[in-house]
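Asks: Listed below are the residues making up each chain.
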Amino acid sequence: MTDREEKISELIKNELNNVDFFIAYGRGYDPIHVKPLFVYEEKDLDDLVMNIFCVHNNASYLKTVKDKKVGIVVKGCDSRAVVQLIQEGLINRDNLRIIGIPCTGVISIKKLKEKMDISRVTEAKVESDSVIIKTSDEEKRFEKDDLLADKCLWCQYPTPVIYDHLVGETIEPSRPKELEYKIVEEMEKEDLNVRFEYWNKELSRCIRCYACRNVCPMCVCQDQCVMESRNPHWISLKSNITEKVMIQLIHAIHLAGRCVSCGECERVCPMDIPIFKIKQKMNQIVEELFDYKAGIDLEATPPLYTFQVEEAKIKEREW
Amino acid sequence: MAEEKKEAKIVGFLCNWCSYGGADTAGVSRFKQPTDLRIIRVPCSGRVDPLFVVKALESGADGVLVSGCHPRDCHYSEGNFYARRRLEVLKRFLPFMGIDPNRFEYTWVSASEGQRWQQVVTKFTEQIHNLGPAPKREEKSDR
Amino acid sequence: MRIGVFICHCGSNIAGTVDVKKVAEEAKRFPHVVYSTDYMYTCSEPGQLEIQEAIKKEKLDGVVVASCSPRMHENTFRRTVEKAGLNRYMFEMANIREHVSWVGVDKEANTKKAIDLVRMAVAKVTLNQPLFPKSFKVNKNVLVIGGGVAGMQAALDCADGGLKVILVEKNPSIGGKMAKLDKTFPTIDCSICILGPKMVDVGQHENIKLYTYSEIEEISGYVGNYEVKIRKKATYVDWTKCTGCGLCMEKCPSKKAFDPFNEGIAPTTAINIPFPQAIPKKAKIDPNYCRQFIKGKCGVCAKICPVQAIDYEMQDEIVTEKVGAIIVATGYSLFDHTKIKEYGAGKYLDVITSIQYERLLNASGPTSGHILRPSDNKEPKTIVFVACVGSRDKSLGVPYCSNFCCMYIAKQAILTKDHIPDSQSYVFYMDIRAPGKGYEEFVRRAQEEYGVKYIRGRVSRIFKRGDKMVVRGSDTLLGTQVELEADLVVLATGAIAEEGARELAEKLRISYDPYGFYIESHPKLRPVETNTAGVFLAGACQGPKDIPASVGQGSAAASKVLSLFSKDLLESDPQIAHVNEMLCVDCKKCIQTCPYGAIEEKKTPMGKIVASVIETVCQGCGLCTATCPPGAIQLQQFTDNQLLAEVKAFFHA
Ligand SMILES: Cc1cc2nc3c(=O)[nH]c(=O)nc-3n(C[C@H](O)[C@H](O)[C@H](O)COP(=O)(O)OP(=O)(O)OC[C@H]3O[C@@H](n4cnc5c(N)ncnc54)[C@H](O)[C@@H]3O)c2cc1C
Ligand code: SF4
Ligand code: SF4
Ligand code: SF4
Ligand code: SF4
Ligand code: FES
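Residue numbers (this note's numbering), protein chains in the order written: chain G, 2 to 320; chain U, 19 to 161; chain R, 161 to 813.
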């Protein structure tokens, strides 16, 4: 165990009395696959890890444990979901113990997969700015930045925005904010019809598994989600392109002003559909129009659930 | 040229208290309008979930119009303030998905503004005719 | 389901440009439609009977009428189907008149559009649910806003009918414009002589509670249960003590205060009682002129007041009243002629407005009823009246006619001759509008008996030459330019919306036209109702009108309130939001956005926390439905599925 892991274990051990369980990160089936770790008793802590492969947003589990007392280990980006959930009154701060981890980025397994065969990884480690991955028959060294998740490359909240305990020193944001909407801007260089076809092509692959929705920390409707409902009957269960597009539009619209840019939706998509782009576009619009970012301010109201009599940025169109 | 005379599929969501009344006023005053638009009456522009617009567009609408009371005049005081935010967000969002934002407009027409309603319908219909029929989505199955 | 469809010809109104037979024929093919027909006038009695018979014979459980706007006849037909045993909400209308036949020229296109609209209405009605209203208790107090002649009449009629009336007037006294007038057309009786007794009645009526110098701060609630916050503005005089003796006015050293009652033609004192017949007759201080307020010292009135009523520390006070209905009678205001450069923009003392002229004519006015022109206090011999100053002028943004100016000009010209027999009056006019009873005769008298010279034409310029005012204009009947030298010029400034009318409308949630006048429910059939249940209109706030019409509306509004209150229980509209407790995930978004605070959280017997709608508070806007992510809260009659069905019916035809 690293120093940091020791400290986290220690904190959890001390907090276990105060909560029903703790959500942390644990060893997976290989060194690069970490899984969420549910700690009920001390011995569960044996599996605890905290490293560059801790990609999950643990806050995604909070919506399922509404009334329980829970502890949670969060990175900077994860913590925004916690703030947003508390802000919307969806969870109760008093029921939460939060261990915050200042973070310098997590690996995108998708990016790694593009660069090497990852089916037999035996060891993975970080040495300053490099990531070294060993398999049974090779060892590869990568620039860390080449493997990081996109969201880490523009991260403005490396230190959690909410916590009870912080493990390690606060990290100041050092990544360029301008990159935040780069994926969106790239797309917007294309003509409308190119975009139209792009989405038709990308979303045609969707298998309607709903993984994107299930993982989203802000999708609190769960089994009642309109994507699978007949009452109201917004979409049918047919697997055609319009319904697949509808699914993403529903997710984007229900998340407008609430999405915390954790990128989980895209990370879990089994069909590698770049759906985070859609959310980022929405986030950009919300920021432009209302000067608002979700998951930062506990006292704020999501901009679509409030209004201003005179809107500074909305111009009425003349007819 | 025969193509040009073909009607566009346009649907309008109008609040009962202002815009629907405005459309009635236009009727009573016999203000002639293009015939493409079909009106759906809703109590308030605040009732218009942006998803209705999306749904209409995805169902094959060439154009969608939402019209409510002028800001501050909503019969329920606040409905159109929420509508304004939601619909503006939607309008800016549609082009990202490749949908021409000009296929969707939202505006305010009061119950007394029959003439304005005539103008809105005429201009919007023209705008949609200029855009032509909305592209159809096709499943792409290259893996 | 078994749905019946009825297509109305509306004479030739619809049938002229829509092939109604074809629409009825097509409708037979729509899902669930078992009966479809067309009829000449569906809203007529035989038309309604036909619907009722079809309901029984065909065992219909849903009805669609395609005719005029539901804003016109929805209620009519709901009652029709109800009488035949159907729930009134199992009914939908397709508007094929206002939205189709009257606005589209191409019959084929119109017919196609009508078919679509009927298909959409059928799709919707299939998903309608029977709804049942709930009863709730009515508060039988009524609020009247505005104490002009219209508001006073409404207040008195309600009070005489046994209702408790709260009358709120923004000025220190009731009376409105009429209290300022000298005589009234067409009978030339003294205005305050007929109004004064009414004012006293209002002041003394045991059922009327008067708040003058007060304004509406906030209104919440709904028909039968409004809560009103009233701001009582500080008068700096304790009105429970003030006896209206007027000693303070005599002694007040600040004698140059602006006198709104006299329209600024003469000053008044900083502490004043607005006019001798004021109700209530109480003094108030104008802090803009009071030395105690400006210089921090004076205190004369406090010393002189025999009952120690003066209180320089007084603050505005907010009081709350509960009422069940509201009558709005806030009147009108007058066009600001200083906007017109050609008429001197207000810089000539001897160019005055007609309301100022009323004060000059008035025996209790500043000149004691002697007509003396402001510049030199001399009696004018040549008086020129200019009609339509800020009326019927598109370029000034007032295209409408102010209704009563033609008549009061004739009145003022007659009175001028009475006051100064050797005077000559001229009137520049565009058209003479005298349609009321005895009105045309009245104008003729002015011309024939009183020798008033009427010149048809617009005044292009007014300017000073020596001690005369030169009025230059055209005479369109003679086709020449005319130039008159006048001693006094009276501008008949047009009626515009009262200041603050729009803000008040927003508080009341009623609509106003582009000029700020309030909009009635129906221009012919519901002239004193608004689209907000329980709010009624009276007088010039709805549009310029003269005294008889204003009084008539005051009584009409009162009778509407009296009939509304004739029942102890009102029925609430069941078209409100309803929560599907299975679907609600307690995300609180609806609670956050409901404009009426109509949603609260509750615990189901299963222990689940869910949203719950307070039925009498919900107004049916549907904002919550558009907000709820899982669609758990649905506005009855406008559910997601109903609107989606309409969308689908159009696109998947
Ligand atoms: C020069 C002139 C001469 C006229 N001569 C005649 C005539 O001879 N015969 C005739 O029939 N008509 C005449 N009229 C028309 C007459 O003035 C109107 O018909 C009449 O005053 C309309 O009455 P009302 O009660 O509707 O409005 P108003 O008289 O305007 O009364 C409205 C009242 O509401 C109050 N109020 C306004 N807003 C608020 C608020 N927000 N809160 C509380 N109180 C408020 C005002 O202070 C006022 O007291 C004349 C008009 C003018 C300008
Ligand atoms: S995760 Fe991917 S495949 Fe699954 S529903 Fe979402 S977009 Fe479709
Ligand atoms: S939409 Fe995607 S990025 Fe946004 S909060 Fe949900 S999972 Fe995270
Ligand atoms: S419809 Fe919904 S938002 Fe509107 S008043 Fe009723 S409960 Fe409130
Ligand atoms: S918005 Fe919908 S899910 Fe959320 S609390 Fe209200 S009814 Fe329930
Ligand atoms: S009622 Fe028209 S916008 Fe709300």
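Worth double-checking, as some hints may not be accurate.
[As the list claims (entries may be wrong)] In silico PhoX-like cross-links for lysine-lysine, where the CA-CA straight-line distance does not exceed 25 Å:
{"hint": "1", "chain 1": "G", "residue 1": "K190", "chain 2": "U", "residue 2": "K24"}
{"hint": "2", "chain 1": "R", "residue 1": "K482", "chain 2": "R", "residue 2": "K330"}
{"hint": "3", "chain 1": "R", "residue 1": "K554", "chain 2": "U", "residue 2": "K50"}
{"hint": "4", "chain 1": "R", "residue 1": "K389", "chain 2": "R", "residue 2": "K416"}
{"hint": "5", "chain 1": "G", "residue 1": "K67", "chain 2": "R", "residue 2": "K768"}
{"hint": "6", "chain 1": "R", "residue 1": "K768", "chain 2": "U", "residue 2": "K24"}
{"hint": "7", "chain 1": "G", "residue 1": "K69", "chain 2": "R", "residue 2": "K554"}
{"hint": "8", "chain 1": "R", "residue 1": "K762", "chain 2": "G", "residue 2": "K64"}
[Said to hold, decoys possible] Stretch by stretch, here's where chain G covers chain R in the computed footprint (C-beta under 8 Å, at least three residues):
{"hint": "9", "region": "381–393"}
{"hint": "10", "region": "740–749"}
{"hint": "11", "region": "797–805"}
Think of the hints as simulated: they come from the structure by calculation, not from any bench. Just so it is clear, CB atoms sit at the ideal spot from N, CA and C, and this is done for glycine as well.
Asks: Kindly indicate which numbered hints from before are broken by the structure, ordering the numbers from low to high.
Replies: 1, 4, 6, 7 and 9
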